[in-house]
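Trainee: Sequence:
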Amino acid sequence: MGSFQLEDFAAGWIGGAASVIVGHPLDTVKTRLQAGVGYGNTLSCIRVVYRRESMFGFFKGMSFPLASIAVYNSVVFGVFSNTQRFLSQHRCGEPEASPPRTLSDLLLASMVAGVVSVGLGGPVDLIKIRLQMQTQPFRDANLGLKSRAVAPAEQPAYQGPVHCITTIVRNEGLAGLYRGASAMLLRDVPGYCLYFIPYVFLRAISWGTATPMDVVKSRLQADGVYLNKYKGVLDCISQSYQKEGLKVFFRGITVNAVRGFPMSAAMFLGYELSLQAIRGDHAVTSP
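Under this note's numbering, the first residue of the sequence shown carries the number 128, and numbering increases by one thereafter.
Treat the hints as calculated values from the structure; they're not laboratory data. Virtual Cβ for every residue (Gly too), placed ideally from N, Cα, C. Mixed in with the good hints, there may be bad ones.
Claimed, not checked - Straight-line Cα separation of at most 20 Å, SDA-like style, residue types lysine to any residue; simulated pairs:
1. K187 <-> S171
2. K187 <-> V289
3. K356 <-> Y285
4. K374 <-> N168
As the list claims (entries may be wrong) - Label pairs and their computed distance ranges (CB to CB):
5. C219 <-> Q369: 49 to 59 Å
6. V242 <-> E371: 25 to 35 Å
7. V242 <-> F183: 32 to 42 Å
8. R174 <-> R218: 48 to 58 Å
9. T293 <-> F183: 32 to 42 Å
10. Q366 <-> Q403: 45 to 55 Å
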């Protein structure tokens with residue numbers, strides 16, 4: 128068989144869906160903490176969301192990532208696995224062999240996967256965050272008032288994922304779907320290098336390095352629900368630092384670390400088990 132293997136994509140499809148279901152409630156909490164105001168700490172945010180929006184509040188914006196994460200993760204895992212395999216075989220000059228992978232192969236494959244993840248995941252993440260942040264009151268979200276979080280406005284800005292996409296494209300053009308993409312690149316390229324080395328055990332370290340740009344990304348993507356406050360990555364960093372200090376860039380790091388382990392466990396368990404099942408079927412049917 129050549130270097131391109133479809134089982135990597137199928138396994139990533141299953142792992143991705145599992146990670147969304149497990150991780151979305153805490154992802155909502157993380158987004159509210161990073162891009163919203165008036166939520167306090169993690170436990171306070173959980174209480175506010177539950178009291179104002181019930182359990183369903185933790186799953187707002189999940190439909191679009193759940194519908195697309197299968198494609199997203201299958202492509203990212205497939206690109207990572209096949210890029211790594213291609214580099215190893217190209218280095219050894221044996222297309223049909225399975226040579227050992229070096230650290231340089233792993234790092235380059237992780238970087239390629241990170242770039243691909245932004246191209247596919249940027250619009251998905253932006254739609255998710257816009258839908259998650261609709262409950263942030265207009266005056267608090269855009270005027271920076273320090274009042275406590277209150278009930279959402281009667282008329283939400285978006286009626287759902289499709290309406291959100293069409294509204295953004297109409298008001299901001301196609302480029303609007305990639306708002307925050309540069310911050311996402313700065314987060315995901317180094318993040319994926321630590322994400323795949325080695326799978327779960329370095330996940331907390333990965334989010335420790337990625338959280339500052341994750342905060343910037345969340346704010347840029349949430350920006351525009353009603354008004355635009357930030358002109359770009361540097362402006363967002365500058366405004367956030369001036370108003371809230373250095374600690375703002377680590378907002379949500381606890382939630383990220385906590386949700387990272389069950390999400391990674393679900394993703395990689397689903398990936399590995401499905402990959403074994405698929406390859407097991409191939410082994411049984413192959414002579």
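Trainee: Each hint: holds or not?
Mentor: Hint-by-hint comparison with the structure:
1. K187 <-> S171: 18 Å, holds
2. K187 <-> V289: 14 Å, holds
3. K356 <-> Y285: Holds: K356 and Y285 sit about 19 Å apart, inside 20 Å.
4. K374 <-> N168: 13 Å, holds
5. C219 <-> Q369: 49 to 59 Å: 53 Å, holds
6. V242 <-> E371: 25 to 35 Å: Taking Cβ atoms as reference, V242 and E371 lie about 30 Å apart, which means the hint holds.
7. V242 <-> F183: 32 to 42 Å: The hinted range 32 to 42 Å holds for V242 and F183, with Cβ atoms some 35 Å apart.
8. R174 <-> R218: 48 to 58 Å: 54 Å Cβ-Cβ, so the 48 to 58 Å window holds.
9. T293 <-> F183: 32 to 42 Å: 24 Å, violated
10. Q366 <-> Q403: 45 to 55 Å: Holds: the Cβ-Cβ distance is about 48 Å, inside 45 to 55 Å.
Violated hint: 9 only; the structure is consistent with all others.
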